[in-house]
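Chains as they are written, first to last, in the working numbering: chain V, 1 to 290; chain R, 1 to 290; chain F, 1 to 290; chain E, 1 to 290.
One should not assume that every hint holds.
One copy or any two copies: either way a pair holds, since identical chains are not told apart in the list.
Unchecked claim - The list that follows gives simulated cross-link-like pairs (lysine-lysine, DSSO-like), each with its CA atoms no further than 27 Å apart:
id, residue 1, residue 2
1, K256, K278
2, K5, K92
3, K102, K285
4, K256, K5
For the record, the hints were derived by calculation from the structure and aren't laboratory data.
Letter by letter, the chains look like this.
4 protein chains.
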Amino acid sequence: MKRTKTLNRARLLISCSDQPGIVASVSAFLHEKGANIVQSDQYSTDPEGGMFFMRVEFDLPAFTERFHEVEEEFSAIAAQFAMTWRLESERKTKRMAIFVSKEDHCLLELLWRWRSGELDVDIPLVISNHEDLRDIVESYGISFHYIPVTKETKQEAESDAKTLLYDYHIDFIVLARYMQILSPAFVQDFEHRIINIHHSFLPAFIGANPYKKAFERGVKLIGATAHYVTNDLDEGPIIEQEVLRVNHRYDTADLKIAGRNVEKIALARAVDWHINDKVLVHENKTIIFN
Amino acid sequence: MKRTKTLNRARLLISCSDQPGIVASVSAFLHEKGANIVQSDQYSTDPEGGMFFMRVEFDLPAFTERFHEVEEEFSAIAAQFAMTWRLESERKTKRMAIFVSKEDHCLLELLWRWRSGELDVDIPLVISNHEDLRDIVESYGISFHYIPVTKETKQEAESDAKTLLYDYHIDFIVLARYMQILSPAFVQDFEHRIINIHHSFLPAFIGANPYKKAFERGVKLIGATAHYVTNDLDEGPIIEQEVLRVNHRYDTADLKIAGRNVEKIALARAVDWHINDKVLVHENKTIIFN
Amino acid sequence: MKRTKTLNRARLLISCSDQPGIVASVSAFLHEKGANIVQSDQYSTDPEGGMFFMRVEFDLPAFTERFHEVEEEFSAIAAQFAMTWRLESERKTKRMAIFVSKEDHCLLELLWRWRSGELDVDIPLVISNHEDLRDIVESYGISFHYIPVTKETKQEAESDAKTLLYDYHIDFIVLARYMQILSPAFVQDFEHRIINIHHSFLPAFIGANPYKKAFERGVKLIGATAHYVTNDLDEGPIIEQEVLRVNHRYDTADLKIAGRNVEKIALARAVDWHINDKVLVHENKTIIFN
Amino acid sequence: MKRTKTLNRARLLISCSDQPGIVASVSAFLHEKGANIVQSDQYSTDPEGGMFFMRVEFDLPAFTERFHEVEEEFSAIAAQFAMTWRLESERKTKRMAIFVSKEDHCLLELLWRWRSGELDVDIPLVISNHEDLRDIVESYGISFHYIPVTKETKQEAESDAKTLLYDYHIDFIVLARYMQILSPAFVQDFEHRIINIHHSFLPAFIGANPYKKAFERGVKLIGATAHYVTNDLDEGPIIEQEVLRVNHRYDTADLKIAGRNVEKIALARAVDWHINDKVLVHENKTIIFN
């Protein structure tokens with residue numbers, strides 16, 4: 001089942017300092033352009049000195065043809081309020097690259113939801129530091145590029161990856177259990193456009209073998225956190241979190257299986273929201289209009 | 001812990017046929033009045049011929065004094081778009097009556113959340129068709145009125161209840177396990193202002209003794225649904241639903257206890273959202289901006 | 001990640017009228033045989049005149065070779081207590097057939113969990129009344145058999161299916177969105193060995209188009225129920241249930257997607273428990289030792 | 001609604017090194033005594049060199065009168081297998097002391113569930129280092145003792161508390177948001193008999209103001225962990241965990257309210273299981289037969 005796409009549907013995303021008149025100006029602009037607002041969400045953090053966030057979904061006759069015109073004209077309003085903003089066309093499908101290592105559960109969940117039409121995205125490219133998942137990826141008709149990474153070749157490997165990302169016109173990256181830390185320079189180039197998934201526990205178990213530690217303390221919930229990658233390792237803005245219930249009968253292997261299943265669920269939701277421009281980032285947190 | 005109330009904070013709730021210019025007009029109006037929009041949510045069902053829903057929370061200097069002025073001036077815009085609408089002041093605490101029979105779990109949950117400051121509401125009045133809960137209600141300093149109901153006295157009982165509701169200036173009613181069916185005339189008088197809670201199962205178990213039937217089929221989830229009362233019994237617009245996990249070790253009594261606990265949680269959330277004007281009703285469904 | 005199988009591990013499942021001495025007899029028998037009990041669960045419904053259920057997992061030296069000896073010797077104890085019982089070897093992987101129509105989400109979830117090693121089962125056979133899913137099934141190296149069903153050919157179709165099920169030595173069947181009702185005779189042949197999945201709502205929406213009805217009433221939870229098939233349509237013993245949270249922004253198509261996702265999760269858990277002999281059935285309910 | 005207590009119902013809890021013959025010996029003993037096993041759960045961690053855990057619930061004619069006889073006779077079997085064990089009578093209601101500071105949400109949840117009959121426990125005593133909650137506690141007919149704690153008086157305060165605990169024949173203690181760290185000596189005296197509740201996040205936010213940090217990172221789930229107190233602060237065996245979903249609209253105060261609500265739920269379940277002897281502790285984890 002595919003979600004039907006609407007012709008001429010646009011999404012406008014705005015972040016700026018809160019100040020009187022923003023909504024009125026945006027609405028007046030859209031009204032004047034002949035737009036029909038389908039869905040609009042706003043959120044502001046604090047009436048005094050706070051931040052303002054807005055997501056408007058609207059239909060505009062001949063939007064595809066008029067995209068640049070609308071974008072250009074809106075930039076005047078944006079400048080007036082010192083907005084961080086972007087205009088997106090629902091028709092333009094985003095292009096996603098997936099980075100993997102050897103574990104396939106997150107990769108396969110994304111591929112399945114993509115093929116079933118649940119994730120409205122193009123996946124032209126998978127990059128891996130191992131050859132293990134080549135066959136499965138290629139069976140979906142997706143290019144698989146093997147880029148090994150060692151301490152010595154890391155810079156070169158990232159450079160190769162970047163070339164591929166640009167060649168394939170990639171909009172954003174999903175680290176689907178990619179067991180390498182990206183360099184600050186790489187992260188910077190794709191700010192708020194790299195989604196990572198990692199296991200999460202209540203409370204956290206620091207250091208190696210977290211599942212073993214979780215087992216030893218008899219945790220009752222196993223969780224996962226999907227977040228944007230920043231240079232503060234695993235500390236970027238959270239997009240989605242989920243938990244699964246476990247019990248003392250789960251051994252370390254069972255806990256890992258539960259971990260895989262909860263990672264799949266949290267990551268797939270985060271990717272879906274990113275694709276549909278439902279996520280705004282401010283400082284280290286997300287505003288999600290879903 | 002009390003949530004802090006903001007002086008001069010207003011909420012405007014709007015439903016109407018979707019049409020161009022609504023948001024622009026509302027925004028321009030609020031901008032002109034000097035309002036600072038704190039939070040705004042919109043939702044429209046369908047770009048062509050659909051419905052439009054909006055909730056705007058804003059701060060307006062001297063709003064309390066200017067309430068009627070704002071209300072009157074906005075009515076011109078409302079008329080233009082044939083809106084169903086209302087303006088609310090956060091400062092004006094809603095007045096809630098609770099109807100109970102003999103079971104106390106929902107009543108006590110509401111009383112506790114009220115006294116703890118979690119529910120920002122006044123509770124001047126509890127009405128019951130039994131005397132059982134008088135002491136506990138009065139210990140909270142709340143008036144308890146015993147109105148017995150029989151088939152013969154039902155009309156008179158409802159008439160007595162209405163008198164009390166008007167005398168106490170009640171804004172809305174919560175049926176906290178009130179085991180009487182209200183007459184269509186009574187329901188009509190408090191349209192979308194009576195909240196009910198009842199158990200819910202997946203799938204439903206029709207008829208008497210649902211917990212026994214649920215036990216006999218070994219259900220794994222016990223649920224509850226909070227909804228506005230309409231004259232279609234237990235079929236009114238859903239506000240909130242919740243489930244709790246159970247297993248084969250739960251006997252019928254245990255399932256009932258689980259049912260009580262999930263009813264408390266779902267009802268308390270529904271009441272909180274109603275109090276904060278986060279619920280809009282259209283036909284038989286709710287739009288909840290939370 | 002595969003769960004490691006233990007050599008010589010056995011599972012004994014017992015249901016009978018509750019009576020003194022059952023556990024003592026079973027334990028003494030296993031002790032005498034040299035078994036090491038790994039996990040044992042018992043449950044009895046009611047001390048007076050109730051039912052007793054037991055699942056024992058144990059290791060026994062050379063169990064594979066001694067399976068029939070153990071089975072035969074235990075049958076004397078079983079007779080003494082009029083037990084319904086079975087002995088299973090963990091080493092003997094169960095053989096599962098999947099019945100599908102056109103929808104692939106449940107099928108693919110099972111195939112993925114099977115290939116990833118999460119589901120310890122063999123899947124030699126998929127039967128469908130449509131050709132649509134042939135390619136995907138065959139790409140997993142699984143036989144796909146197309147058996148069309150019409151009112152006239154239903155009996156013949158079931159007969160053909162049975163032949164295949166016997167030829168392939170199938171232990172149990174999963175109806176992964178198979179949109180045909182099986183005949184009482186067929187169901188009887190596979191009593192408590194056919195697992196079905198269907199959507200579930202709180203409360204239930206009877207009749208056609210349940211998602212449309214759920215949308216119209218603004219449900220907040222979408223659920224699914226996995227159960228054994230009996231001749232009382234969709235009313236058999238519940239194995240697992242799950243829900244996902246939705247909101248007013250979900251249109252009917254979105255609710256269906258949520259429904260698919262929750263069906264996958266509930267079905268996969270039910271199949272896992274069935275495979276591992278964790279489910280006992282008594283009358284119309286399950287006892288699940290998980 | 002009270003859960004009905006059964007006359008002559010006993011619970012036997014056993015932990016020991018796994019070895020052949022344990023279950024057979026226990027079963028034979030109970031059979032010989034004329035016991036009727038109502039529910040029995042066993043769990044063993046590892047067939048080779050692992051631990052064995054068992055909880056048996058059984059009815060025994062005239063158990064109350066024969067308690068010491070049964071206990072004494074069983075001690076021979078216990079010695080044979082070097083068991084850690086205890087025998088409990090359902091009829092003997094446990095006596096719980098609650099320690100609080102100023103926050104009342106956990107206290108009130110326990111009091112409500114106690115008065116409603118959900119928690120089958122006696123609560124003769126509340127101890128607090130503040131006077132704030134005296135009135136509410138005394139309104140339930142429960143003794144309230146104010147024991148202030150400073151760095152200088154800590155030892156004396158604990159000594160006073162212990163005297164009260166012994167005078168009131170307290171079986172176990174619940175720290176219902178008691179903001180003091182107990183001394184190792186005190187904890188030792190009540191090993192596995194002190195239950196604490198604290199907030200938990202995914203991932204953890206270390207240090208002061210965790211809710212502020214959770215807000216700043218935009219967490220989507222707020223959790224709580226109920227655990228037995230050990231001298232490794234907040235690192236004792238986990239009994240229960242729960243989470244509630246939140247979103248970016250929750251400010252720090254809203255997150256704290258969510259935290260309170262999830263703490264109430266997790267703590268009440270943990271206390272219920274402790275009361276019903278459903279929790280066994282081994283090293284730093286719990287085995288929960290529920």
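Practice problem: Against the structure, test the hints numbered earlier, and report the numbers of the ones violated in rising order. | Solution: 3
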